[in-house]
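Asker: Here are the chains, one letter per residue:
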Amino acid sequence: MKIAIASGKGGTGKTTVATAFAQALSRKEYSVSLVDCDVEAPNAHIFIQPILDQFEDVNVLIPSVDADSCTGCGLCAEVCQFHAIVVIGGKTLVFPEMCHGCGSCTLVCPEQAISEIPNRLGVLEGGLSQEGIRFGHGILDIGEPMAVPVISKLKKWQNLMDAEIVVIDSPPGASCPVVESLRGADYIILVTEPTPFGLHDLRQAYQVTQVLGIPAGIIINRDGIGDTGVDQYSAEVGIDILMRIPLERKIGQGIAQGKSLLEVKPEYEKYFQQLYLQIGEALSSGNNL
Amino acid sequence: MKQLVILSGKGGTGKTSVAAAFADLLSPENAPFKTVLADADVDASNLELVLKPSVVEREKFWGGSVAEIDSDNCSACGICAEVCRFDAVSVKDDVYTVDPIACDGCAACVYQCPNEAISMKEQLAGEWYRSESLYGPLFHAMLIPAQENSGKLVTLVKQQARLLALDEAYDLVLVDGPPGIGCPVISAVSGANLALIVAEPTASGVHDMHRVLETTRHFGVEALICINKADIYLDGTNKIEEYCRKENIRMVGKIPFDLMVTESMIHGKPVTSYQPNSPASLAIRDVWTGVMKALKDQEL
Amino acid sequence: MIIAISSTDGKFNTEFSPRFGRCNFFIIVDTDTREWESKPNPALNARGGAGPQAVQFLSGAGVEATITGRYGPNAYTTLEAAGIRAYVAEAGTPEELLDAFLSGTLEEVSSATGEELHH
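Protein chains in written order, with our numbering: chain C, 1 to 289; chain U, 1 to 300; chain R, 1 to 119.
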């Protein structure tokens, strides 16, 4: 089963929930993996403390033009949808950071003057945590715009995706890195804070789950900090509120120090274990919880 | 005309609350810069929730395109599926279809299809708005959930803000940035004179602060740091202060955790307007003074 | 020769635009006759790669030198490939910059001077 943790707004507690969830399940002896798809700002490793022993570069294949064979016909530039290859002054220029690595220019070149070379975007790292959770994350290189290819490759790591329960920590927002992280999940937990910002962005995130056609439920974090807008919205739209984590100084401080939620509040271990069973039941019966 | 961008790396550190307060402090006639506001967090645009603007102009945003196979002309040769690097083409009962969510818009399949059975369809990806508020003009946008090209929408929002600023002699474009460090952030940073990084002293916050600082450095943009919720973890705050000292980065202030920030958000106002004497408001004023000075220093 | 100066409002006597790829207009001037015209920049609303597209447009217009405030790396690479010389200035109207160009007091750049809008 693949369960993804998402939100619209940043900082609502996705990583807090994802790490606690993975830990709680692994203590129940399930085979669990935690996949941190927030490749721009990955944090889960801080709480899980995996021993990293697996590393893989993430490359995009970008075109390399053989100037001798190139006739300057410009067909490559014509087919490129991203303005990553340009023909001017008798020269063919490639702009790697614009290139999506689609290979189209390479295919159309009538002189076969284009070959492909790897361009590094980031790196994947993986390993086991002390508790036996299989961990993996991606780190986008500084200055690289595209997170999606890094996330995509991370989600192809078989040893992570083969676990009995795959917990996916996704980035905030509602655009393509989020979609790439959530695709293929069986269930999505939306973590929100009960404030106007939290509610506004929850609506966006919920729409994403609808577009993807994946059932979703809500966890309200820092319950008590704001208002009842999220509760009202959930009732209107018919999304279950799975859990409430209260606003408590002790929790905030623990997370600030890099402690996992279960360290600070051990009772959450059984709450998350129960939640897993409820999600499983809901999915098999096709009902809400 | 200058451009200030507010960033964080980690989400939820308080960028929008600080941006709103800055908008409030820059709104009086005698403020140091006549300011246009831009919300560059197009996935989750929250600035409008506290500035309560009225939309004056709205335009559709056409993002990229996705491929569509015309089954009448398709010979089921499967070449499109072979060339697609994004796992966007699938086949069932000899019928080939493109998954619009997976499709990257590269059009490789279009050019390779021997029957010219594939065409690119433009995607409506969102809307952008020009609005008026008590704090000045605001440019913002809404990305349709699950759409791509949020970076391009950010670029569009900023461009429009800049054009207005140039047309009507504004001195400053204040950009409320998105979280992360990828393409929406890169678009938000582009052309900025100064970045204010709103850091939080938590383990995650410090980690991501470093990432966003490396990003501003990479793009040659001067960065200042302020610490929000500075009193929730003093070890973290000390770490950040020490780092700034060592690296010669200007630390312009520390804002305490203050529930008034959330309360003002609920009431739809910047905290400095809602409760000017709350601890956060006073601290944000200091941060603001430091940032204004840095902007003025750049003119010298 | 034909040169291009980035402009915000397409006028000869108002302050130039310090940005290249997405300026609103280019003032295209014949340095011999001082005749000038303003052309809208087709790369202004370009989906991506505005700098290189602006250069392609100018190259097609026979421009041999450009004057702006700063060039991003991709714009600069494209100018170089096109054989167009790149100059920078801090301030001035297109008319003033034309004079500065003719008197040889403008700084020619040999690498990018600012980050590129990568879109």
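Honestly, I wouldn't trust all of these hints.
Claimed, not checked - Quick partial rundown of chain R residues pointing at chain C, CB under 7 angstroms, derived from the structure:
| # | residue |
| --- | --- |
| 1 | 45 |
| 2 | 52 |
| 3 | 61 |
| 4 | 62 |
| 5 | 74 |
| 6 | 77 |
| 7 | 78 |
| 8 | 83 |
| 9 | 103 |
| 10 | 104 |
The hints are simulated quantities; they were obtained by calculation from the structure and are not laboratory data.
Treat the numbers as computed from the prediction; the structure is a model and nothing was measured.
Just so you know, even glycine gets a beta-carbon here, dropped at the ideal spot from N, CA and C.
Asker: If a hint holds in the structure, say so; if it does not, say that too.
Answerer: Hint by hint, here is what the structure shows:
About 13 angstroms separates the beta-carbon of residue 45(R) from the nearest beta-carbon of chain C, more than 7 angstroms, and the hint is not met. With 7 angstroms as the threshold, the beta carbon of residue 52(R) comes within range of chain C, its nearest partner Cβ sitting at about 5 angstroms, so the hint holds. Of the supplied interface hints, the one on residue 61(R) is violated, with its beta-carbon coming no nearer than about 13 angstroms to a beta-carbon of chain C, more than 7 angstroms. The criterion of a C-beta within 7 angstroms of any C-beta in chain C is not met by residue 62(R), whose closest approach is roughly 13 angstroms, and the hint is violated.
A cut of 7 angstroms between beta carbons decides the hint on residue 74(R): the least distance to chain C is about 5 angstroms, and the hint holds. Hint status for residue 77(R) relative to chain C: holds, with the closest Cβ pair at about 6 angstroms, below 7 angstroms. Checking residue 78(R) against chain C by beta carbon gives a least distance of about 6 angstroms; that is within 7 angstroms, so the hint holds. At a threshold of 7 angstroms, the smallest CB-CB gap from residue 83(R) to chain C is about 5 angstroms, leaving the interface hint in force.
A distance limit of 7 angstroms between C-beta atoms decides the matter here; for residue 103(R) the minimum to chain C is near 28 angstroms, and the interface restraint is violated. Look at residue 104(R): its Cβ only gets to about 24 angstroms from chain C, farther than 7 angstroms, so that hint breaks.
In this structure, the hints that do not hold are numbers 1, 3, 4, 9, 10, in rising order.
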